[in-house]
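K.L.:
Read off the chains here:
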Amino acid sequence: MSLVVPAFGFGLVTASVLAIASVGFTLQFGVTDVLNLAYGAVMTVGAYTAYLLNSHGISVWAGLVAAMAAGSLLSVLLNAGVYAPFQRRRASPITMVIVSLGMTLIIEFGVQALAGGVAVSYTTGVGPTFRAGGLILNGEQLVIMGLSVVVMVATHALLRYTRLGKAMRATAANRTLARNCGIRTGTVIGVTWAVTGAMCGLAGTVFAMDLGSFDATSTDLFLILILAAVFLGGPGQPYGAMLGAVVIGIATEVSAAFVPADYKYVVAFLILLVMLGVRPVGLLGQRQ
Amino acid sequence: MNYYLINLLIYAAVDAMACLGLSQQFGIAGVTNFGFIIFQAAGAYTAGILALPPDTANGGFQSYLGGWNLPFPLPWIGAAVVGGLLALPFTFLVGRRLRGDFAAVGLLVTAVLFNLLATNYRPLLNGDAGLSLIPPPLTSGSAAAGGFSVQPGGYQWAFTIGAIALCAAVFWFARRITESPYGRSMRAMRDNDIVADSLGKNLLSLRTAMLVTGGAIAGLSGGVLVSFINTWSPAAWGYAETIVLFAAVIIGGAGNHVGAVLGAVLVPVGFEEVTRYIPTSNNLPPNLIPSLEWVAIGLLIVVFLWLRPQGILPERRRVIRAGYAAAAGGAAAGGAGDAAADGAADGRRGWRPAAEVAAPAPSLAQAAGQQRPPALEGVRLTRDFGGVRAVSDVSFAVREGTLTGLIGPNGAGKSTLLAMLAGTLPVSSGRVIYGGRDVTAMPAFRRARLGLVRTFQLASEFKRLTVMENLLSAVPGHRGDTFRGAVLGRRYWRRDESAAIARAWQLLQRFGLDGYANHYAGDLSGGQRRLVEIMRALMTQPRVLLLDEPMAGVQPQLAHRIGRELVALCQEGMTILMVEHELAIMDEFCDPVVVMAEGAVLAEGTMAQLRSRHEVVEAYLVG
Amino acid sequence: MSADHGAGSADQAAGRAAPAGGTGPGPAGPAGDRGIPVAGLPLRADGVTAGYGGDPVIRGITVSADPGEVVSLVGPNGSGKSTLLKSLVGVIRVSAGTVTVGGRQVTNLPPEEVARASVGYVPQVDDVFPPLTVRENLEMGGYLLPRRQVPERIDRVLAVFPRLAGMLGRTAGKLSGGERKMLAMARVLMLDPGVFLLDEPTANLAPAVATALLGEHVRALAARGAAVLIVEQRAKAVLAISDRAYVLGGGEVRMAGTPEQLSASREFVDAFLGGQPQGKPATS
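Those protein sequences? They're chains D, L and V, same order as listed.
When the letters of the first sequence are read in order and numbered with my numbering, they come out as residues 1 to 288.
When the letters of the second sequence are read in order and numbered with my numbering, they come out as residues 1 to 623.
When the letters of the third sequence are read in order and numbered with my numbering, they come out as residues 1 to 284.
What the hints contain is simulated information worked out from the structure, not anything from laboratory work.
It is possible that part of the hints are untrue.
[To be verified] Short, incomplete list of chain L residues facing chain V, as computed with Cβ under 7 Å:
no., residue
1, 526
2, 552
3, 581
4, 617
By construction, the Cβ of each residue, glycine as well, lies at the ideal position given by its N, Cα and C atoms.
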């Protein structure tokens with residue numbers, strides 16, 4: 001029982017990392033209709049970018065900004081160079097998934113070829129430890145949670161209050177009608193990739209921070225958690241992804257208090273499979 | 001030195017088997033099974049635990065289920081059986097309801113999940129470390145005998161030849177299934193599953209059969225592999241390995257059996273071999289070459305999907321020559337007679353050669369019409385969509401041997417009514433009576449098998465089947481159209497096939513498309529494709545044919561030809577109900593014509609009569 | 001046609017939108033004449049042939065609509081009316097022929113550029129953004145406007161459709177059929193385009209609502225100066241408010257004329273009910 005509260009704390013951290021990643025993923029899917037399984041690979045690039053700077057003595061927090069830039073650029077290139085051309089050819093959704101898997105291989109193992117197969121980690125000051133009511137969290141974890149909240153609020157503000165955000169939602173809802181309104185959906189989609197790519201780079205870095213030691217294929221399993229959160233909340237629904245991330249993040253960690261730690265992901269996987277089988281539009285999705 | 005070649009050949013055989021299984025699922029049946037690797041893994045594990053002694057042996061350092069030390073060939077048989085059985089629970093993820101890419105993700109996740117469970121739950125299959133010291137077949141089962149590589153050269157060559165022979169057997173089997181009418185139905189399902197369903201194909205049964213078959217083949221390949229390498233662990237079957245197999249099938253050519261083998265040789269095997277020849281240098285990091293291998297595979301996948309998605313060896317076009325029918329053509333009367341006899345035996349009326357029909361008066365209609373019982377009836381049919389009532393309390397009867405038209409302005413409910421009669425849409429209330437029998441609860445494919453068949457408004461030909469294959473795919477009750485029939489082989493279903501081909505040629509000639517018989521249906525013009533669809537419906541020997549806008553987008557001349565042929569068919573005994581907008585066609589060919597407006601039947605009569613009725617004119621102009 | 005423009009000459013000189021903070025939203029209630037003229041633009045389609053990738057659905061269509069006119073396109077189903085509108089706004093590709101708006105070529109421009117040419121299009125289905133609120137839908141309609149003008153434009157549009165004012169916060173997906181159509185019309189009104197293309201705006205509406213939509217709102221669009229091209233199934237109802245009409249059949253223009261001319265002709269009824277083909281050769 002006394003394991004549950006600290007586990008809950010870990011759950012919050014996992015949920016925070018997951019939230020940043022899932023909201024980016026779901027936004028990408030909603031606006032562009034591409035189930036981008038190379039998302040984990042882009043996260044890896046972000047993590048390694050920060051590592052590159054960090055290994056030269058630059059603070060990992062500054063590296064984080066570089067990671068966002070790297071993620072953004074890579075995602076825009078990925079869309080412009082690979083996904084958009086296939087979409088113009090009206091490739092089937094299955095073909096797009098297989099293409100994204102191919103890109104995953106190229107990007108992840110490209111990083112591995114360059115950076116080596118050995119696990120690395122950031123050098124950071126972990127900072128003071130905070131305790132409250134059974135929760136034990138260090139400074140770094142608190143910053144991650146804070147970042148996550150910032151990203152959620154910023155996403156909400158973007159989507160609800162800015163013209164661009166509304167144009168993104170309109171493009172996601174009905175692309176042709178958006179064009180009839182004069183919205184240059186091609187540009188909106190490009191900007192979406194840039195913004196969500198930045199979120200992806202950020203997610204990769206905080207993921208690596210939380211994991212401790214990571215290598216080029218560390219995000220493979222995490223991608224499944226992202227998919228679980230996305231499908232739980234409803235693919236394309238940003239608020240759904242936030243909800244899903246909290247549920248999956250906490251459920252995963254809390255279950256580790258009851259079952260051997262290696263099984264904690266099983267909960268997430270089962271949730272994902274059940275959602276796909278029973279309600280593919282997710283908890284917050286609307287049946288088309 | 002020899003060991004190198006043996007190694008190469010065995011891996012080639014195993015990978016080729018796996019790719020053949022995957023090609024059956026992905027290339028032929030159109031099922032994208034990203035969990036494919038699990039089946040191979042399950043087979044390997046099964047063969048392992050069947051062949052191993054109990055886990056207390058060898059010092060008890062492993063922990064696993066089973067361990068019955070069974071002799072060859074039981075471990076391999078067990079591998080295939082488990083691989084096949086494991087496929088059954090997967091059928092729910094590959095149903096039509098789920099979007100293709102979502103289903104693929106689900107399967108991928110399942111594969112990772114199983115891998116996770118196997119890795120972590122040690123008592124099951126020795127967890128992370130996996131199974132080792134698996135005895136090779138036909139050797140003494142103790143650890144002291146060592147592994148495969150310790151066996152004498154003769155044994156190793158025998159094993160290799162056995163593996164290749166097994167692969168050849170799998171190839172032969174896959175070929176037999178695919179090149180049968182059953183295989184044709186699978187390919188039809190791949191191209192357009194909704195239409196295949198309406199033609200009477202049992203989609204669930206087809207997909208399940210392919211998942212099980214592919215699973216069994218994958219399992220067998222796993223069994224063979226594990227007997228060779230004597231160990232098996234979760235590291236051997238991660239999600240990367242599934243991607244490699246997909247890459248192999250895509251590059252080699254999905255849907256082509258030789259292509260599957262080629263892909264296996266080029267990708268999993270080829271890569272291993274090529275990297276052997278790259279000079280290693282101490283300056284390079286040790287993981288560089290393997291990493292680059294993966295990058296190369298990823299590149300190949302993307303490049304192939306862009307430049308040549310059909311693969312190096314694309315799916316073969318199945319050509320059926322006229323000579324085939326000419327030989328059977330002399331027997332065409334006999335063939336058609338056979339078909340008619342078969343039809344009669346099933347209680348289904350096919351066409352009869354003109355001579356046999358008690359020919360009714362050419363102006364069908366009035367007098368003769370009144371006396372015949374209704375072939376199809378709708379009784380108080382209603383259909384609601386949310387709050388909107390699309391069809392409201394419609395009752396009418398279609399008399400046998402008539403070409404009845406169904407017209408009305410947009411939104412009148414014509415297509416909805418047709419769909420309810422055909423069974424592709426359930427009724428909200430009311431009944432559908434076909435030949436005196438209440439079929440309201442019966443799904444579309446069963447109604448189709450009873451002779452109540454419909455066509456569709458939108459493009460519904462099977463694009464990657466030839467015109468001839470499109471027609472043949474519709475033949476009901478074909479002996480070759482079951483799994484059993486496919487396995488029993490050509491000799492078993494040859495007669496049904498020749499009869500069907502003969503009928504198809506007759507139809508093609510009748511409608512003037514015989515020159516296009518071996519063209520892919522997807523390559524034809526819009527009007528021609530409409531014709532294919534009608535002919536395909538006719539191949540089912542329907543008693544009642546429901547046509548949904550058959551003339552849409554068709555040139556007037558062709559439309560007239562179709563109309564004349566339809567009338568001729570009715571004279572031969574068929575009943576046709578046709579929804580159309582081209583009212584000139586109605587005028588010339590249909591009698592009676594039923595007008596619907598706002599979900600209800602407005603009037604019935606000939607076009608000339610209807611045109612003079614005020615409420616009909618109003619309905620059209622008011623909309 | 002006979003609506004009088006209550007706006008002052010200053011507005012007429014300014015052409016399009018009212019000067020900022022200028023004349024108020026006009027009388028509330030029935031749309032009628034809101035007194036704010038619009039620079040209508042003439043629409044011409046010449047010999048347009050288009051389809052969905054295979055054989056063309058429409059062939060050699062020539063139609064036009066001038067500022068201040070309501071021109072209707074009627075015809076039996078499958079005659080290509082919706083296809084024509086889609087080809088005019090760039091949703092499907094034109095394989096032959098030209099489309100001009102105000103003399104400017106817009107053939108095969110992407111839809112977002114056609115919108116910038118001052119063309120407003122209301123599709124038959126999928127005509128709103130369901131997950132966005134009513135207000136957000138309107139904002140999207142006014143996407144091309146300078147941001148400052150949007151709130152004021154929304155007020156003006158709400159004056160035309162007062163019922164929407166009470167639902168600004170509601171998600172569009174939750175509106176009833178009639179309310180959605182209103183929103184769709186209001187959305188396109190935000191842009192105040194010189195040309196309106198309406199695809200069966202009364203489909204699925206109750207007859208009374210349909211009559212009101214056509215008689216009040218659609219007529220008002222032309223009354224203010226825009227060119228209106230409207231596709232409709234309800235031939236009689238739409239002819240009653242039209243200045244001219246075209247009858248389509250089998251992907252071609254079968255007849256053209258004023259409503260009086262058309263209603264009087266026997267051919268008109270035949271065109272709908274499939275009488276004798278109008279002098280067309282049997283081959284082609």
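K.L.:
Next step is simple, just say for each hint if it's right about the structure.
P.N.:
Hints and how they fare:
With its C-beta approaching chain V no nearer than about 4 Å, residue 526 of chain L sits inside the 7 Å limit, and its interface hint holds. The criterion of a C-beta within 7 Å of any C-beta in chain V is met by residue 552 of chain L, whose closest approach is roughly 6 Å, and the hint holds. Contact between residue 581 of chain L and chain V, as hinted, is supported at the beta carbon level, the nearest pair being about 4 Å apart and thus within 7 Å. Evaluation of the residue 617 of chain L hint against chain V yields a held restraint, the C-beta minimum of about 6 Å falling below 7 Å.
Violated hints for the displayed structure: none, as all numbered hints are satisfied.
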